[in-house]
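Visitor: Sequence:
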Amino acid sequence: MHRSDISSSRAGSHRKALDQRTRQQQHRTATAPAASVNMCSRNIKISVVLFLVLIPIFTALPHNHNLSKRSNFFDLECKGIFNKTMFFRLDRICEDCYQLFRETSIHRLCKKDCFDSKWFGECLKVLLIPEEEVSNLQHFLRVVNGSPISFNMTPGQT
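If you're matching positions, the sequence shown starts at 0 in numbering that gives the first Met the number 0 and goes up one per residue.
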């Protein structure tokens, strides 16, 4: 081969390599926006799915429910022992009484003096709480209130 043939052969192979690199670059730049749009769309879809899955989970979790009940214990000036189960049951009586009458003053009066008021006893009556349950509630009141109860509702009374 002559020298001119070798140089033209090299030039041809360089051109082919250069053309191939140019085509690859053009292909990358042409597909890059589509790939980035697809990637962005995919990320948005994943975010929406996660959002839709996590929202019900977070709403189902207790939101410091114990803390709010405990602070309510002190707000009512209860001087006994905070027992979550007992306090929640007593509080539930007042909540149910409120739901029955939809009167905020009844709700407030029922909880007055840490559930040690005639209103709490009245709520027990209107809610038709069974006598054995009233007996349990009296025990709960002694624990939570720290003193004998005086809401005028004995187990034999209806």
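In case anyone wonders, no lab produced these hints; they're calculated from the structure. Keep in mind that a hint or two might mislead.
Below are the SDA-like pairs computed for lysine to any residue, each with C-alpha atoms no more than 20 Å apart in a straight line [to be verified]: (1) 111 with 137; (2) 83 with 117; (3) 117 with 76; (4) 111 with 76; (5) 117 with 132; (6) 111 with 71; (7) 111 with 133; (8) 124 with 145; (9) 124 with 83; (10) 111 with 131; (11) 111 with 85; (12) 124 with 90; (13) 15 with 47; (14) 83 with 100.
Visitor: Holds or violated: are the alpha carbons of residue 83 and residue 100 at most 20 Å from each other?
Guide: Distance of about 26 Å is beyond 20 Å: violated.
Visitor: Need the status of pair residue 117, residue 76: alpha-carbon distance at most 20 Å?
Guide: Measuring from Cα to Cα gives roughly 17 Å; hence the hint holds.
Visitor: Need the status of pair residue 111, residue 85: alpha-carbon distance at most 20 Å?
Guide: Holds, at roughly 16 Å.
Visitor: Given the proposed pairing of residue 117 with residue 132, does the C-alpha separation stay at or below 20 Å?
Guide: Roughly 17 Å between the alpha carbons, so the hint for residue 117 and residue 132 holds.
Visitor: Sort out whether residue 145 lies within 20 Å of residue 124, counting only the CA atoms.
Guide: violated, 23 Å
Visitor: For residue 124 and residue 83, compute the direct alpha-carbon distance and say whether it is at most 20 Å.
Guide: Violated, because 24 Å separates the two Cα atoms, which is more than 20 Å.
Visitor: Could you grab the alpha-carbon distance between residue 111 and residue 137 and see if it respects the 20 Å cut-off?
Guide: Given pair residue 111, residue 137 holds - Cα atoms ~16 Å apart, limit 20 Å.
Visitor: Run the distance test for residue 111 versus residue 131: straight-line Cα separation, threshold 20 Å.
Guide: Roughly 23 Å between the alpha carbons, so the hint for residue 111 and residue 131 is violated.
Visitor: Take a quick look at whether residue 83 and residue 117 sit within 20 Å of each other, Cα to Cα.
Guide: violated, 23 Å
Visitor: With the threshold set at 20 Å, check whether the alpha-carbon distance from residue 111 to residue 71 stays at or below it.
Guide: With a Cα-Cα distance of about 12 Å, the restraint between residue 111 and residue 71 holds, given a limit of 20 Å.
Visitor: Does the alpha-carbon distance linking residue 15 and residue 47 stay inside the 20 Å limit?
Guide: Since the Cα atoms of residue 15 and residue 47 sit roughly 47 Å apart, the hinted pair is violated (cutoff 20 Å).
Visitor: Within 20 Å, alpha carbon to alpha carbon, are residue 124 and residue 90?
Guide: holds, 15 Å
Hints 2, 8, 9, 10, 13 and 14, counting from the list given before, are not met by this structure.
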